[in-house]
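Asks: Line by line, the protein sequences are chains C and S.
Following the numbering used here, the numbering of the first sequence begins with -3 at its first residue and continues without gaps.
Following the numbering used here, the numbering of the second sequence begins with 5 at its first residue and continues without gaps.
Misleading hints may appear alongside valid ones.
In the SDA-like style, the derived pairs of lysine to any residue whose C-alpha atoms are separated by at most 25 Å in a straight line are [stated by the list, open to error]:
(1) S:K49 x C:E(-1)
(2) C:K53 x S:T107
(3) S:K83 x S:V17
(4) C:K53 x S:G58
(5) S:K83 x C:K79
(6) C:K38 x S:G20
(7) S:K6 x C:Q33
(8) C:K53 x S:S34
(9) S:K46 x C:N48
(10) C:K53 x S:S32
(11) S:K46 x C:F61
(12) C:K79 x C:Q33
(13) C:K38 x S:S57
(14) C:K53 x C:E(-3)
(15) C:K79 x C:E(-1)
(16) S:K46 x S:S76
(17) C:K79 x S:Q35
(18) C:K74 x C:E(-3)
(19) S:K49 x S:P115
(20) C:K38 x S:C44
(21) S:K83 x S:K6
(22) S:K49 x S:Y96
(23) C:K38 x S:L110
(24) C:K53 x S:L110
(25) C:K38 x C:S54
(26) C:K79 x S:T28
(27) S:K83 x C:K53
(28) S:K46 x C:N47
In case anyone wonders, no lab produced these hints; they're calculated from the structure.
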Amino acid sequence: EPEVTQTPSHQVTQMGQEVILRCVPISNHLYFYWYRQILGQKVEFLVSFYNNEISEKSEIFDDQFSVERPDGSNFTLKIRSTKLEDSAMYFCASKGQGASPLHFGNGTRLTVT
Amino acid sequence: RKEVEQDPGPFNVPEGATVAFNCTYSNSASQSFFWYRQDCRKEPKLLMSVYSSGNEDGRFTAQLNRASQYISLLIRDSKLSDSATYLCVPTYGGATNKLIFGTGTLLAVQP
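Put together the whole structure using the sequences plus the hints.
Replies: And the structure:
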């Protein structure tokens, strides 16, 4: 069964550094998402991406965040200057057309020290 | 009002028990509904879609009541491996069809 893959599985960075989280969505999917989950809290929507542009973003997704689909397969989330409160699990997801469910990758655990 | 409301639990049940989870959602424009499960520190995984007429997948039965904006999940013959957080997830259509997650219901199946 095709799956969403994310790398790295764990990223440790110092406050103020830039990080790029990488995702390879399922190949025939058209909609891409980033979610995050702070330890002990619920999964929160960050951003959705369709047709090479952001289609929706949440209040969390401020100017420090950006997304890119640099080629036909990768989908990246960049955090320009990390803060301690960015420490969380970041999940990438993708979906096909219509009312299909989202499929999630197994996440990148980001630890900001 | 929260977009999704579920009893957070935990629901502690013995193996073999039948357990039911309820969920209410606030946005009447919600178009599609899913149950996901999430194991500790793992990604949410699709358990099943929820159809208007109700649907069953093995030991799992999902029901939807659009008039009451209410969704349920019934698990029969609980297994230890069913221990997880169960997330009721409506979608909101439009261009993004994003999922909005609540805190879910924690199920612990005891031997």
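Asks: Of all the hints given earlier, name the ones this structure violates by number, lowest first.
Replies: Hints 4, 5, 6, 9, 13, 14, 15, 17, 18, 21, 24, 26, 27 and 28 contradicted; others consistent.
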